[in-house]
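Line by line, the protein sequences give chains A and B. Residue numbering for the first sequence is 1 to 275, as defined by the working numbering. Residue numbering for the second sequence is 1001 to 1338, as defined by the working numbering.
Take these hints with a grain of salt, some might be off.
To be verified - Which chain A residues face chain B? A few, computed with CB under 7 Å, are given here:
1. THR86
2. LYS92
3. LEU94
4. THR125
5. ASP149
6. SER153
7. GLY192
No lab work stands behind these hints: they were computed from the structure. None of these values were measured; they are calculated from a predicted model. All residues carry an ideal CB built from backbone N, CA and C; glycine is no exception.
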Amino acid sequence: MTASAVSNNMKVSTDYTAQEIIVVAGAKVLEDKKIVFVGTGLPMVASLLAKLTNAPGLIPVFEAGAVGPPLKRGLPLSVGDSKTFTGASYVKGLNAAFELTQRGFADFGFIGGAEVDMFGNLNSTMIGDFPAGYQKPKVRLPGSGGASDMAASCERTILIVPHDKKKFNAKLNYITSPGHLDGSPNARYNAGMQGKGPYRLISTKGIFDFEEKSKRMRILFTFPGETIESIQAATGFELLISPNVSEFPAPTEEEVRMIREDIDPTGVFVKRIAK
Amino acid sequence: MENNDNMFWTGLSPDEAREALVTKDKSMRDKQMTLKEAVSRFIKDGDNVGIGGFVNIRQPIAITHEMVRQGFKDITLSFHSAGMAPDILAGAMMIRPDHCSIKRIELAYWAHEAFGLSPVWRYLAERGMVEFEDWSNYNMSARFKAGAMGLPFIPSRGPLGGDICKTSRTKVIDCPFTGRPIALLPASNPNVAILHVQAVDKFGNCIIRGTDATCPEIAMASAHTIVTCEQIVSHELVASHPKDVMIPFPAVDAVIQVPFGAYPGACRRHYYYNGDHIREFHSLVTPICKGGPLDPLKAWYEENIFGVEDFEDYIEKFGNKKLMADKAAESYNCERLA
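One chain only, chain A, in its complex shape (with noise of 0.2 Å):
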């Protein structure tokens, strides 16, 4: 590689999207050389980037059963999809995948969710009177599927919420995906989870992680255009701030080339609307 491309790698990007830097951000949350249980959507689109950046050795698991598989037939339309199973070492049904979960084999689960509170906790299920208007709801989502099986027993948790004043709640409608419940002190082994629980949000406008004693968001990074004020002014309950708080680094064009022409080429996840 000369010397101009380099810096050509290296140069910021000035039009990515938000989902673009959600996709960026969970690229650099996970490590090398760990199992990720990935969920659909974004996290799927985030796996493959950290497979081909900071991460080749990174192992994704699909909870409809495919393990380690290398994902060069592009990126998958399902967690179920035939392109996570060519290459797979191990590939059986959803409950080989959960048990393989559930006996601690997964270091990160990768979820979503449409709602979350202050202690991590994620709604997929529903909006609307709960518990009373469960069978009727205001809004049916399409409910756990996998999400909450990851939240109760992977080792850590990364979820993606864009960041709204509605979806970021201080009670949520329903609570299908467990993070840290209450947050009171070892709320998650006294329910009879395994894990340590959500370990990192991403949003559309910054990183949090969760303090370790009260277990509550808390700003890590915000986002380029971002302040602890506007990320604050967006949440619907008071978010913690870290004394390392810094600014998460703009998107490479590099990263946001790889994004639109290597992964998501046709845009079935990372939407192309102009920042």
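Mind docking chain B on chain A? Use the hints.
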């Protein structure tokens, strides 16, 4: 409406499921029949129907078309993640509730991942037209597994601490060995399993490629199983690879060769998704959710299900060019030497 807080069995209780196998003809006989005959013999009003596949992978679409043609009343649907199969069954309930009605749905996820949400699910749930019970994917697979193991329940970690425990028949107990909370899930023993697989012999020994999803457990848990397949192969060929048999013949009651039987969903080694058709179906339903007329959806069912003799007629409408393209896309996904 059943209250999920109380215990009750949908489909068969564990004792009834046991009894169903005691009285079942488990002989090694030729089970090939028409899809018409299979659906009319094995699916009854009020049945709990276990649906195989995963989202839009190997969904038993041809079977759901035949069910709609023949009609069904007060059935329960049990699945983990599904897309077009419940869309076809429930869409029929939207336009002809006199002919097709679903009483209850036990599920983890009903949507289409890359192809969007299911407007059919939203229509039914938001109008309170069906009772339902949310589970997680693993919950549903484990419930079928308990049924397949001949046990009344199975312990699970997930999803302790969340609301699924409150809106389902999950019981959380203190583990008698560790003292920590553990969730107990009631077994699911459907009256009938509906599955689509790659290959079967005439006795019902099933070969599955790609994900097994939870098809083996659903078949073993159910009183009866209808299997459609891309290809019926000789018993000799299947028996030369007995460890590749994911569902053994005594669990299967009907074997029908239906090429493209999971279309417009995908079937590994055979064809990839026809996402345009999935979205086109949804484009007929979405306006109805906003108060629009039922006529375009009625016309779709008339053209593709009620107005045709069988699934082959429906598949023929896509044209050779499109079907070949979807086969070629799948050939790329799992490239093989000739």
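Okay, the hints, checked on the actual structure:
Annotation: THR86 (chain A) was flagged as interfacial toward chain B, and the flag holds, the nearest CB pair being 5 Å apart, inside 7 Å. The closest approach between the C-beta of LYS92 (chain A) and any C-beta of chain B is roughly 6 Å, which is under the 7 Å cut-off, so the hint is satisfied. Evaluation of the LEU94 (chain A) hint against chain B yields a held restraint, the C-beta minimum of about 4 Å falling below 7 Å. Checking THR125 (chain A) against chain B by beta carbon gives a least distance of about 6 Å; that is within 7 Å, so the hint holds.
With a least beta-carbon distance of about 4 Å to chain B, the hint placing ASP149 (chain A) at the interface is held under the 7 Å criterion. For SER153 (chain A), the shortest C-beta to C-beta distance to chain B is roughly 5 Å, which falls under 7 Å, so the interface hint holds. A cut of 7 Å between beta carbons decides the hint on GLY192 (chain A): the least distance to chain B is about 3 Å, and the hint holds.
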